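Please dock the two separately framed chains into a single complex, following the hints provided.
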Amino acid sequence: MNASGRASLGWWLLLLPAVALVLFFYVAPIVQVLTISFTEPEPGLGNYERLLTSEGVQRVIFTTLRICLLTTFFALLLGYAIAYAITLASPRARSWWILAVLVPLWISVLVRAFAWVTLLRRQGLVNNTLMQAGVISEPLPLVWNEFGILVGMVHYMVPFAVLPMLASMREIEPRLLAAARGLGASRGQVFRQVFLPLSMPGVIAAGVLVFIFSLGFYITPAILGGGRTLMVAEWIALQILDLIRWGLGTMMATMLVVAIMVTLLVFSRVVDLRRMFGSGGG
Amino acid sequence: MHGTHGAGPFGRGLAWITALYLVLPILIVLPVALTDQRFLSLPQDGISFQHFRTVLTSPEWLGSIWQSFTIALASTVLSVVAGTLCAIGCWRISRRATDLVRLLMLLPLIIPSIIYAIGLYRYFGPLDLLDRFLGVVIAHGVTGIPYVVITVSTALAAFDPRLEQAARGMGASLSQTLRWVILPRIMPGIVSGAIFAFIHSWDELVMVLFIASRDVFTLPRRIWDGINENLDPAMAAVAVLLIVFTLLLLLVDMALRRRAQ
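Sequence order for the protein chains is H and G. Using UniProt numbering, count along the first sequence one by one with no gaps and you end on 282. Using UniProt numbering, count along the second sequence one by one with no gaps and you end on 261.
With the rest of the complex left out, here is chain G (with noise of 0.2 angstroms):
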């Protein structure tokens, strides 16, 4: 499209301006977090690797780390079994049929975390679902599977269901036809959701402020805690781990995506 219709001056410069907005202030957390003072400042003298020291030889951070790195996993399988099994169960069955359990599905992403949270508070007292770890990972794996029916769904608009009827016909059985026909053509979109899952419950806050207290003590629940009670650099270093490593991942599935096409 380029070439015969070009973006105006103002335009442009709204566009440039937006993305700075968007990118700057991020990556900002940098050179705070590689300051040599002992408050939230640009580095005066030189840089220091201190306040990363400070982060990785803490028990209570590394703690939390490992706490959400487990929950994260836990329920990321949690939404990749039963998403990748609805999107399946829903493209196979009529459009029609399934249009309740499709909108049943999206409902995680429309309402917002804290009447979820509110409601797990209430819901998971009785069932001693408070402050563990099985609760917490109930609540993320829950709200984790929209992200993989939408990828796998999409995986599955590529596929060509005449290879299922064709495997079927041929008198494979469903368990057959899914493991060695319909999962290896659809493995990128589980990947991607299973990514999106886990970035989920990994940044995942509001929930577990009601949920959680002291047994579970999350990776975001010590960063907030960190945010409201002391502002100094070492929450810049963590910011900076966090970032990079949630590159990392979106580095994955961007190369995924390209060698799926």
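Isolated chain H, as found in the complex (with noise of 0.2 angstroms):
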């Protein structure tokens, strides 16, 4: 008893370094910036007041769902095409396609903003494109804007919505698609009927994953929306950096947190978070 207690009291101790880093440097400087929504400028629920009173703040509340919620559907549909045909795809072509998803992924968020601005912006390659060709005559207004941030948000959320649906796809029993073709249904039938509703659990983690990962968006919205679309997270910078509001920036980060809690809780019924994340790190 003694020696195993002492054994694991070291497998304890393990712990320590990364759970001290955490709370000390992680969690506390979280808690005490989230509290001073209900003490600055004067204590209270005054900040929190201006949900219902402040037509900017609820401004900044429904562009940013909205650009969530576009985003999530635009990248759930764009990524369920690929996840489905990587788990189609024969063994050689099945890496290409992850290649084509892992790339994107891990390629820096700023490089990419500055690639779609480089195509979109006024003088940009596709505008100049289309002109030349004589497409158009005005440059199309493609940036600096609501559809430059749904670009280039879905463009870095379709990575992360393939892996949760192809990790659920790939544990559908092949046999029961062939099952399903050998007794006479089309291939549009074995889709709808057998393989979607097989591989739903999969596109709602994915759902969710995008969904949370987008409401807190900063980089991606503040250069492709050049300052004129606010999302929350560039709301909450100005607030703090330009404004030297602490009370509501404080406030929308609170709940900014509490929407990203309700989401998971709501959903973790349905998904293994654990599982979610994990397949996020490789």
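No wet-lab data here; the hints were simulated from the structure. Only a predicted model underlies this, so the values are computations on that prediction, with no experimental measurement involved. The beta-carbon is built from N, C-alpha and C at its ideal position, and this holds for glycine as well. Do not rely on the hints blindly, as some may be mistaken.
Just so you have them, the derived chain H footprint on chain G, three or more residues with Cβ under 8 angstroms [said to hold, decoys possible]:
#: 1; segment: 26 to 37
#: 2; segment: 78 to 88
#: 3; segment: 100 to 113
#: 4; segment: 143 to 153
#: 5; segment: 231 to 240
Derived coverage of chain H by chain G (criterion: at least 3 residues anywhere in the stretch with Cβ under 8 angstroms from a Cβ of chain G; other residues may be distant) [as the list claims (entries may be wrong)]:
#: 6; segment: 75 to 88
#: 7; segment: 91 to 102
#: 8; segment: 106 to 120
#: 9; segment: 154 to 160
#: 10; segment: 230 to 239
#: 11; segment: 247 to 255
In structure tokens form, the structure reads like this:
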């Protein structure tokens, strides 16, 4: 008892550095800053009242929700097509498809935003090509608006959508599909009535993941939105860095954390959180 | 699964379009970096390496690259040590008892970095860690822990716990067991976690925007300023260098995994 007791204490001590680091340098700063929303400029719920009264606050929230829902929808649609192609591909083609998903995932988000600016701005490659081809006479407003944000955000989120969907598609028993075919179902019927329902857990996990990642996204919307379309994260940064309104900024930060936690709680019955995040890191 | 059930033309077309949408925009920075013009454009009368020369001879860019590199190295060490020990502890102690710890380690992946960034902005002031090398290393190191915990836990899942019990049974101390039995077997997972933690720090911008200003000016910070102030082909050259560097790291990771299998 004594020896094994000492041994298990040793194993617990292994947790200490990580737990101490996360508590003192992660949890503490966040808890401390979020409490400011109740204390500044004066103690109380004044900042939260703005949720009901301030049109600016409401506009930011609705813009964010709209962009996030659209991003989730398109990321799921495109991600599903890729995950489906990977599942059905031959082993050789499969590694190429996976590479097409993984490489963008690890390339700096700044580099990708820069690439989109190069392509989409007024004198960008897309507008220039279209003008030279005579398709348009005026440059199209492709960036520094909501459209630009969507293009960049969906681009960022598709790989995150693919990974959970791929994991659940791989668990689908191929013989089921073969059996359905054998029983006379058309290709479309096999997909709609067998494959699609069986892949739904992955779709839901992917949707939750993309949605919560989109909610707090900062860099891509800031660069591709050009400061005109504000999403929550950029709005918070603006309140704190430029307007020095800590109370209002931290109120929105608290709402952001609450929104993410509520989304996770609601869906934790349907999806396995640990598996979901495990798939992101490789 | 192929053969019995192919994707229809619509599914296949959409998959191809998506793959092109994912990859092509990233590739576009290469020709732009090689342009012979002084503004963002495709090469007109031939390619030129002048923009790479501009970047690689500029003390500002080189200084930022060096700073980012040293910060990433230091924070990777922090993430790897803390994350590996934690993953081993969680694996050895029962799953139930460590559920809360595992959840705690996932937090940095779930909570947006903007929230953490404003928290640090306030927290680091009194600790005198704003605009300090150490401050950024702590921030990046702590948020890199999840990547290491995940990859090492995956490696541990394939590890036979009886090996560890046998070593202990034969009288090995905890540190001996760790060093000679457990660590060698999970090395590929640790290296993988280290690569992800390194890339995480190397690319990180949001925290740096808040907790660093003059003395610490990392590469992502300089790129951010460049995108917001002067869009010139030198930015594309930096982007190309970054892409090449990331691809190299990923190739190392893939090679290591193949060897581990």
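Here is how each hint holds up against the structure:
1. 26 to 37: Three-residue rule met by the segment 26 to 37 of chain G, so holds; n is 4.
2. 78 to 88: holds (count 7)
3. 100 to 113: holds (count 12)
4. 143 to 153: holds (count 8)
5. 231 to 240: holds (count 4)
6. 75 to 88: holds (count 9)
7. 91 to 102: holds (count 4)
8. 106 to 120: holds (count 14)
9. 154 to 160: Contact hint for the segment 154 to 160 of chain H vs chain G: holds, 3 residues under 8 angstroms.
10. 230 to 239: As far as the segment 230 to 239 of chain H goes, the hint holds, because 3 residues have Cβ atoms under 8 angstroms from chain G.
11. 247 to 255: This one holds; 3 residues, not fewer than the three required, reach chain G with a Cβ under 8 angstroms.
Hint compliance for this structure: no hint is broken.
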